[in-house]
Every structure is written in structure tokens, then in C-alpha cells.
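The sequence shown begins at 63 in our numbering and counts up by one.
Hints listed in this document are in silico derivations from the structure and should not be mistaken for laboratory results.
Hints should not be assumed to be uniformly reliable.
Computed spacing ranges between beta-carbons, pair by pair [as the list claims (entries may be wrong)]:
id : residue 1 : residue 2 : range
1  : Arg358    : Leu266    : 40 to 46 Å
2  : Val83     : Gly206    : 33 to 39 Å
3  : Val83     : Pro379    : 41 to 47 Å
By construction, the Cβ of each residue, glycine as well, lies at the ideal position given by its N, Cα and C atoms.
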Amino acid sequence: MRAVAAALRSAATYRRWACLVLGGALLMPYMMAGEVVAAIWYRSPAAGDPLLSVQPLIFLAVLPVVALSGLFLPVRVFEIVAARALLGVSLEAPPPLSRRTWLERLRTAAWFTAHLAIGGVASGLALALVPFAIWAAALPLVDGPIRVGDVISALTVETGAAAWWGPLLSVLTLVVLFGTLVGAGALLAELAPALLGPSPEDRLAAAEAHARQLAARNRLARELHDSVGHALSVVTVQAAAAGRVLERDPETARAALGAIEESARSALAELDHVIGVLREGASRREPEPTLRDLDRLLDSSGARIVRRIGDLSGVPPVVSREAYRIVQEALTNALRYGAGPVDVALDVRAGSLELDLRNAAASRRPGRRRTGRGVAGMRERADLLGGEFTAGPAEGGWRVVARLPLDPKGGTGA
Numbered sequence: 063m064r065a066v067a068a069a070l071r072s073a074a075t076y077r078r079w080a081c082l083v084l085g086g087a088l089l090m091p092y093m094m095a096g097e098v099v100a101a102i103w104y105r106s107p108a109a110g111d112p113l114l115s116v117q118p119l120i121f122l123a124v125l126p127v128v129a130l131s132g133l134f135l136p137v138r139v140f141e142i143v144a145a146r147a148l149l150g151v152s153l154e155a156p157p158p159l160s161r162r163t164w165l166e167r168l169r170t171a172a173w174f175t176a177h178l179a180i181g182g183v184a185s186g187l188a189l190a191l192v193p194f195a196i197w198a199a200a201l202p203l204v205d206g207p208i209r210v211g212d213v214i215s216a217l218t219v220e221t222g223a224a225a226w227w228g229p230l231l232s233v234l235t236l237v238v239l240f241g242t243l244v245g246a247g248a249l250l251a252e253l254a255p256a257l258l259g260p261s262p263e264d265r266l267a268a269a270e271a272h273a274r275q276l277a278a279r280n281r282l283a284r285e286l287h288d289s290v291g292h293a294l295s296v297v298t299v300q301a302a303a304a305g306r307v308l309e310r311d312p313e314t315a316r317a318a319l320g321a322i323e324e325s326a327r328s329a330l331a332e333l334d335h336v337i338g339v340l341r342e343g344a345s346r347r348e349p350e351p352t353l354r355d356l357d358r359l360l361d362s363s364g365a366r367i368v369r370r371i372g373d374l375s376g377v378p379p380v381v382s383r384e385a386y387r388i389v390q391e392a393l394t395n396a397l398r399y400g401a402g403p404v405d406v407a408l409d410v411r412a413g414s415l416e417l418d419l420r421n422a423a424a425s426r427r428p429g430r431r432r433t434g435r436g437v438a439g440m441r442e443r444a445d446l447l448g449g450e451f452t453a454g455p456a457e458g459g460w461r462v463v464a465r466l467p468l469d470p471k472g473g474t475g476a
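Produce the complete structure using the sequences and hints provided.
Here it is in C-alpha cells:
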């Protein structure tokens, strides 16, 4: 009795009953169509064989039609929302699919059929047994016998004191109905995760989408590090140069300030774009810089550059983008930690883009040390393309060497 009382006080019980009623309501159009067909078929029903007697047959006949509806109609999202709100089950949102798979269709059809069938039976029992329980409870209050049924199979029911069993039958009927409804709601709650929850294919698609999102965010983080880090290095170098020659060579100082302005504007635009992409969850909408922009990168750095650049017109776009970022980061490190001119060599040899940057090492200042993820980021870019990368001290300076295949096998880097 405590369990029954607890179930009666539980809001989840009544929400599950609402889900059963919803299933019964969704079944009604199918039943009405079935009754129309049955009425046409039984145009002149024989005596004692009313249309009501074929209701179970109509119910069984419409279930395949319900299954076909779940197979082809997009009812899954609606059923997931209903199951969450009424059954209280936790269901993950289905991943967006370019097309519905047959496994998803079959699982949806199975749930739609179970929901409407169980809801229809439960709703029918409630509509029939509640009036019956009221009728049975009222039997001791009625005078005279009652005839139940048609003329041929009529049943006489005694009333008054002889119908003492009526209230007991009424209570038993309501208890059985209550238990049936609770069990039906619990059954739907058990079936919902299995039939509406994500399938292994759904989980795989969600994992792939999450991996793509993480890869895109990591790529944006690398690009932001490279572009903004380079701009700050240029600003630092040019500001120091402008300060040294401001009075004796105003023209050179003015040029340095112009480089600072250009680098800061470029970094601000890149920062604004990346933040917009991260906020909106969209993909990059502006073209990324490539080796075609290499001259502008070298010119705006403010460093003395020794260029040995071959014909790069045949470099594929993906390789060109990653090579540009590697040059940008290597040049940033040269400006930040090096001294003297920076030797920049790029050329295509034996199906690969060969990149070589070197510069003399500056005298180490107290407290100044290499920090950040610049070298690791360059190595990641080379690895994504299936290339080779080395960076370290060489001949009293610092050298960055990368070999990127023009037909990358390790990935796209995009």
C-alpha cells in the first residue's frame, strides 16, 4: 500500500500516464481509418455481430501501418522530446545526419509502434474500466435487477444488498487498472533509451564531429599564436629600432612606426576573426595566408632578410598555408631571440618543399629564455603533412629546417 500511495503522489506517474494518453491520441486517426474500412466491409452486419466486435481486429490491422509511418515519417525528434518531458528519461539529441539510415528508421518505427500500441491499449482500458468501476460501486444503491447485454445474451445483475460485492469489484478494478498503467509507463520508459537513444553509428558520428571541432579549434589556436606572436615580435623590434634612431634619423623611425602600425592592424584583424569563429562555431570565412603572401610577411618584419626563394607556384594550397605559418613562426623566433640578418631559403626539390631559416644567436640577456609553443607548433604542422622538421642551435646561431611533401600523406592540416 505504501508503494501504491507513493506512486499516486509521484508527479512522474502522471507524466507517464500523459505519455500513454498521447500514444492513444496518436493512434486514433489510424483506428478511425480502420473503422471506415471495416464499416464498408461489414456494410450489413448480422445480428449479434456489431461493428464493435471487430475493434481488436482493427487494432491489430493498423499496427503495420503505424510501423510504416515510423519508418518513413520524421517522427524521431518529436518522440524524443515527448519521452524527455513525459517519461523523464535522459536522451541525447540525435546528431544531424545528411540522410536517414535504415537502422535509425527501424528503431524509430519500433518505438513509434510500441508507443501507440501500448498507449492505445492503456487509454482504452482507462476509458472502459473507470466507468465500469463507478457502475460496480453504485450497484448496492440501485433498486431492482439490471439487465446487461443485448436481447440474446442478456445478463441479469442483482442490485441492492445482494450486490455487496460491487464496491469490492470496483476497488479491485481500479487497483488493477492503476497497476497496468504504472507498468505500461515503466515499460515505455525502459524502451525509450534502447529505441530512441543514440545508436553506435550516432555515437561514432558525434565523436567524429567532436574530433573535427577540436581539430579546428587547435588549428585556430596555432594560427592565433603564430600571427599574433609574430606581430608582437615585429612591434617590439621596430619600437626598439625607432627609439634608437628617433632623433638622428626621423625617416627611419617613421618607417619603423609604419611597420608597427601595419603589424598591429594585421594582428588585430586576425584576433577579431578567430574570436568571431570561436564564438559563432563557424568555419573560417576569410582566405588564410599562403606563400603568395611571403614577400609581404618578410617586408613587414623589419628584419634584414637574405632571400633565396625559388619557384613556389606549384606548391599545393594546403602545403602553402602550413609552410607560410612555419616561416612566420620561425621568423618570429629569429626576431625575438636572434641577431643580425635572417637567411630565408625556400625551394621545391624532388617532390618536396624544402624550407631553411637561420640566423645568428643574440647574446643571452638575464632572465630571457625561450618560452611558448612555437617550435612544437611548427613540428605539428610538418607532422600533419607527413613531413620532416628540425630546429635547434647550428653554427653559432639558430636554424629551422622543414621538408614538406607536395603530396601530403599525413593529413590535410585544414
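A quick look at each hint next to the structure:
no.	hint	verdict
1	Arg358 with Leu266: 40 to 46 Å	holds (43 Å)
2	Val83 with Gly206: 33 to 39 Å	holds (37 Å)
3	Val83 with Pro379: 41 to 47 Å	violated (59 Å)
In this structure, the one hint that does not hold is number 3.
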